[in-house]
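Peer 1: Using the hints, put the two chains back together into the complex; each one sits in its own frame.
Here are the chains, one letter per residue:
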Amino acid sequence: MSDPILSLKGVRTNIAQYHILQGVDLDVPRGAVTMLLGRNGVGKTTTLRTIIGHWRAHEGQVLFDGQDIARLPTPAIARLGIGFVPEDMGIFSDLSVEENMTLAAVSGPIDSTRLEWLFSVFPALGTFWKKDAGTLSGGQKQMLSIARAMIEERRLYLIDEPTKGLAPAIISTMARALRELKEQGASILLVEQNFSVARALGDSANVMDDGRMVWSGEMKQLATDAELQERLMGLSMENH
Amino acid sequence: MLNKLLSGDMPRSTVLAILLAVILICLALAPFIFPGVRSVDTAARICIFIVLVASYDLMLGYGGIVSFAHTMFFGLGAYGVALASTHMGRGFDALLVGSLSGALIAALLALLIGLFSLRVRAIFFAMITLAVASAVAVLVSQLSGLTGGEDGLSYKIPRELGPAFKFADGELFGVKMNGKLLKYYLVFFSCLILFLLMLRMVHSPFGRVLLAIRENDFRAEAIGYRVVHYRVVATCISAAIAALAGSLYAIWLRYVGPDTSLSMEIMIDILLMVVIGGMGTMYGAVIGATLFVLAQNYLQNLMDVASHAVSGIPILPDLLNADRWLLWLGVLFILSVYFFPTGIVGRLRQGK
Chain V
1 MSDPILSLKG VRTNIAQYHI LQGVDLDVPR GAVTMLLGRN GVGKTTTLRT
51 IIGHWRAHEG QVLFDGQDIA RLPTPAIARL GIGFVPEDMG IFSDLSVEEN
101 MTLAAVSGPI DSTRLEWLFS VFPALGTFWK KDAGTLSGGQ KQMLSIARAM
151 IEERRLYLID EPTKGLAPAI ISTMARALRE LKEQGASILL VEQNFSVARA
201 LGDSANVMDD GRMVWSGEMK QLATDAELQE RLMGLSMENH
Chain P
1 MLNKLLSGDM PRSTVLAILL AVILICLALA PFIFPGVRSV DTAARICIFI
51 VLVASYDLML GYGGIVSFAH TMFFGLGAYG VALASTHMGR GFDALLVGSL
101 SGALIAALLA LLIGLFSLRV RAIFFAMITL AVASAVAVLV SQLSGLTGGE
151 DGLSYKIPRE LGPAFKFADG ELFGVKMNGK LLKYYLVFFS CLILFLLMLR
201 MVHSPFGRVL LAIRENDFRA EAIGYRVVHY RVVATCISAA IAALAGSLYA
251 IWLRYVGPDT SLSMEIMIDI LLMVVIGGMG TMYGAVIGAT LFVLAQNYLQ
301 NLMDVASHAV SGIPILPDLL NADRWLLWLG VLFILSVYFF PTGIVGRLRQ
351 GK
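Line by line, the protein sequences give chains V and P.
Just so it is clear: in the first sequence, position 35 is 35 by UniProt numbering, and no numbers are missing.
Just so it is clear: in the second sequence, position 245 is 245 by UniProt numbering, and no numbers are missing.
If we strip away everything but chain P, and leave its shape as in the complex, we get (with noise of 0.2 Å):
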């Protein structure tokens, strides 16, 4: 059964097993493990970046694609909920319709630039995503009527979702069965189902032919296999499945503006990512983002601690002052590139 569910592809390591398995628990029970509104908060985010950066890997680790332009996508699903939401009004018809709507231009752009470009060389498709993800984002900027500018949009979504809507009366472990909860177990659904249909893919026949290209374009082609097409695809999956993944973002924050759903800071996150969870491994998404995510929200809490425990002492408060938290994520990432070259998973999987 768990077999079939994960598409054969077991974690192959006990301390990955674990791992992914308390992810599961934590991200699964949340809302009544870690009730705080930030701490739920960040148990969405990383379910949302999950998939985000197992879309990433689609492109980059499956079909060796490399693209700048991820943010974009992902912001063409957030937007599309903000703006379907704007201008239908509140209700789940905006929602299916912005997110559908996103996902499909994304795909569609995806399809334009891959057509273009993955059939010269892999590397033009980098340039091109990265000069066409510039102008998508200075254009939500400027259209300041239709997309808010630099301030973004903030909007209504179906009351359903809010915190005021109750759907049970009482608490459960001390929670509140508010519209906030739902919304909670929608993201959380939405991207479990969509990283089991990510990990299915890359385990079916269009999956190994993906892998196959990736390894060996040429042989690929003189077997019969158009690396085109195939790249193209891949590209296009990746992209609406990352607008998909907007879309869950702007459902979970009502609010989309260019630095939280276009910037290339979000683009480099979404690589470190990749990288430090595993390359072409679906779970290496799964604990890349949730580092990641954990490390951005509460390195600076630990640090303020770190430094407070150890003030006695000369230059180390300095270091570990919470301010300098970026910097130790470098380090973090550094090291973790040094320590696992393979990602953390590709290292949990050759020394099992």
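One chain only, chain V, in its complex shape (with noise of 0.2 Å):
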């Protein structure tokens, strides 16, 4: 197996008092679906915001293709070609689609070919493409979130909960365009509550459990075995 491209070693992260994230080990395999599970408030999201940059590791390593990235700003990380989706989409109300989708082409104009992609992935960005983005329903927020990510080749993407409270129909949406930026050999961590969307996209998996990665292995492996996601997570992947 190649060097993966991202790999946490001890990653503390403190939030005020709190000690979210307790010393987390994680390798994320380059042009793979890396998939981050766990319950709520095991520390999935503080660890993706720590690998941004918006929280900071006061211990440990974030290491990106052999870079230390831990104490950079978060624009220098984003700039490495770190792709961030966050929970709450973070779109920009006040511009209109087109401008969100501009902004996030940090590295020059919108390559047209890219751009036609999204639309065949995600055909209601086209549609409302001059329209402030404030006027969407959620589930196109959610689309122009993860558009504006993939609007460009990044070296890896980070994404969470894409699928959370959307519709089943804009959920077989987002599958599909996940798979196809799976299909493209686009690295990936992915942090997904929806278990038939984690076992059809991911490659390997890592349980967390109290700010601490507790299992990792193969997707198959994990969604094959009822007794061992019960153990992990409280709960079987057949039921969801």
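Please note that the accuracy of each hint is not assured.
Okay, derived cross-link-like pairs now, DSBU-like style, lysine-lysine, Cα gap no bigger than 35 Å in a straight line [stated by the list, open to error]:
hint: 1; chain 1: V; residue 1: 9; chain 2: V; residue 2: 131
hint: 2; chain 1: V; residue 1: 141; chain 2: P; residue 2: 156
hint: 3; chain 1: P; residue 1: 156; chain 2: P; residue 2: 176
hint: 4; chain 1: P; residue 1: 4; chain 2: V; residue 2: 131
hint: 5; chain 1: V; residue 1: 130; chain 2: V; residue 2: 182
hint: 6; chain 1: V; residue 1: 131; chain 2: V; residue 2: 164
hint: 7; chain 1: P; residue 1: 176; chain 2: V; residue 2: 130
hint: 8; chain 1: V; residue 1: 164; chain 2: V; residue 2: 141
hint: 9; chain 1: V; residue 1: 182; chain 2: V; residue 2: 164
Facing chain V, according to a computed beta carbon distance under 10 Å, are these residues of chain P, among others [claimed, not checked]:
hint: 10; residue: 205
hint: 11; residue: 208
hint: 12; residue: 211
hint: 13; residue: 212
hint: 14; residue: 215
hint: 15; residue: 218
hint: 16; residue: 223
hint: 17; residue: 225
hint: 18; residue: 226
hint: 19; residue: 227
hint: 20; residue: 280
hint: 21; residue: 300
hint: 22; residue: 304
hint: 23; residue: 306
hint: 24; residue: 309
hint: 25; residue: 311
Please keep in mind that the hints were generated in silico from the structure rather than gathered at the bench.
Positions of the beta carbon are idealized from the N, C-alpha and C atoms, including for glycine.
Peer 2: This is the structure:
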């Protein structure tokens, strides 16, 4: 196996007096989808936000392609080629869909081929291209949020619960988009509570509990072992 | 053509378009339509305050940065022209040197304050600007040898901008072709250019990033934009433009003093104009400044007329007494905030 594109080694992150991450170790392989799973409040979002630099790691290393990025400011981390889709979407409501996308293309003008691909995956974006992003529905906002990260080829995508609270039809659109991104050979670290999406997309899985990584392995293994799922996450994937 | 001139920011409301057109025509032709000294003075003040308020909106409405030092930047420009004219003598070179050095010093001061405080949290910037503005106001009052202290400075501007200079014989629509007219158009066109420049700026990629930062600074950072860098640049540009507005004010008045260019009252007026007009819309500055300066100059007269008109009715003449104009100005402000929470421009655009 080649070197992982991202490695977390003993990462501890405190938010105020709370010790949220208590020594997280994680490897994200290149060209694969790595699932980050676990119950609510175990530190999945904090892990992503620590990688992007929103929260500072108090201890440990965040190695991106061998470079420790734990002390870099967020914009510098992003410009290394890390696309981040936050849980709350974080779209700019006062700007149009076009302006949201243009801003996300930090390295230059939008590539027309890539934009056409995004329009084919998310047709709504083309329809509402000139509209204010604030007028979009929840599902369309989520599409915009993901499309913004995909507007340029990134070396790594950090995606936090892209299907949360969405209607089934939109979830399948999201899953299709992520599958196509995966087929292009993208490296993705994905936090996902929807197990059918996780099972369909994930190559490897990492399960967190109480600010630590408690299990790492093949997604196939976790998906087929109900007892393991019950032990790690307190529930079975089959029921979700 | 018009779309390009307005950087694609069309009024998007018929009422707003009519209002803006009326204001533009009135200001462009003010010396001919309203030839009185007071009315031309009001028109020049409106022009200057439109630029001042728009430059403040660049920071507050587009960058989400609260500053209490905008009058200080305005004053730096005004004192720049005053000091240059006093020491270099009357001449356009003094006006140019004074304006440019005022703008440069304002931008440098904004850079220093911004680098110290915007790095932490925007609220510290507000607090520091308040402290620095107060310190500069005290300093200007104390350094009477240089600044004239509380009395301020009177100075001469180029003859070509004075009433004694005639650039053409006779009159046009009853208006003398003299330097006073030239001075008005110097102010008008300078303000127009500065306003269009700001309009271009807020619709440039830089302006779009500022809006993104105002809405969600973490998200803007996560895309790759250095929030502090953008905020500091916006603050410097805003300060420099405020200083240029101050220079125009100094050229217009031929006098600067702490009351006319550095007082906290002006700062509050700017805030009110931004809120009344509508934050985050350059046109809000036009509407807010026009309404506010007109009210400041004519509300008293209007109330005097109204007071006499209702002289037979009890209580009303007292309530409408011209001396109570500030009270009514306050009431008007409260009503405008209540009925137009997004400002007049915001409301007009929503109701298009």
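Peer 1: Evaluate each hint against the coordinates.
Peer 2: Hints, one by one, checked against the model:
no. : hint             : in the structure
1   : V/9 with V/131   : violated, 43 Å
2   : V/141 with P/156 : violated, 60 Å
3   : P/156 with P/176 : holds, 21 Å
4   : P/4 with V/131   : holds, 20 Å
5   : V/130 with V/182 : holds, 29 Å
6   : V/131 with V/164 : holds, 24 Å
7   : P/176 with V/130 : violated, 50 Å
8   : V/164 with V/141 : holds, 12 Å
9   : V/182 with V/164 : holds, 20 Å
10  : 205              : holds, 7 Å
11  : 208              : holds, 5 Å
12  : 211              : holds, 6 Å
13  : 212              : holds, 5 Å
14  : 215              : holds, 5 Å
15  : 218              : holds, 6 Å
16  : 223              : holds, 6 Å
17  : 225              : holds, 6 Å
18  : 226              : holds, 5 Å
19  : 227              : holds, 8 Å
20  : 280              : holds, 8 Å
21  : 300              : violated, 39 Å
22  : 304              : violated, 43 Å
23  : 306              : violated, 41 Å
24  : 309              : violated, 45 Å
25  : 311              : violated, 50 Å
Going through the hint list in order, the structure does not satisfy hints 1, 2, 7, 21, 22, 23, 24, 25.
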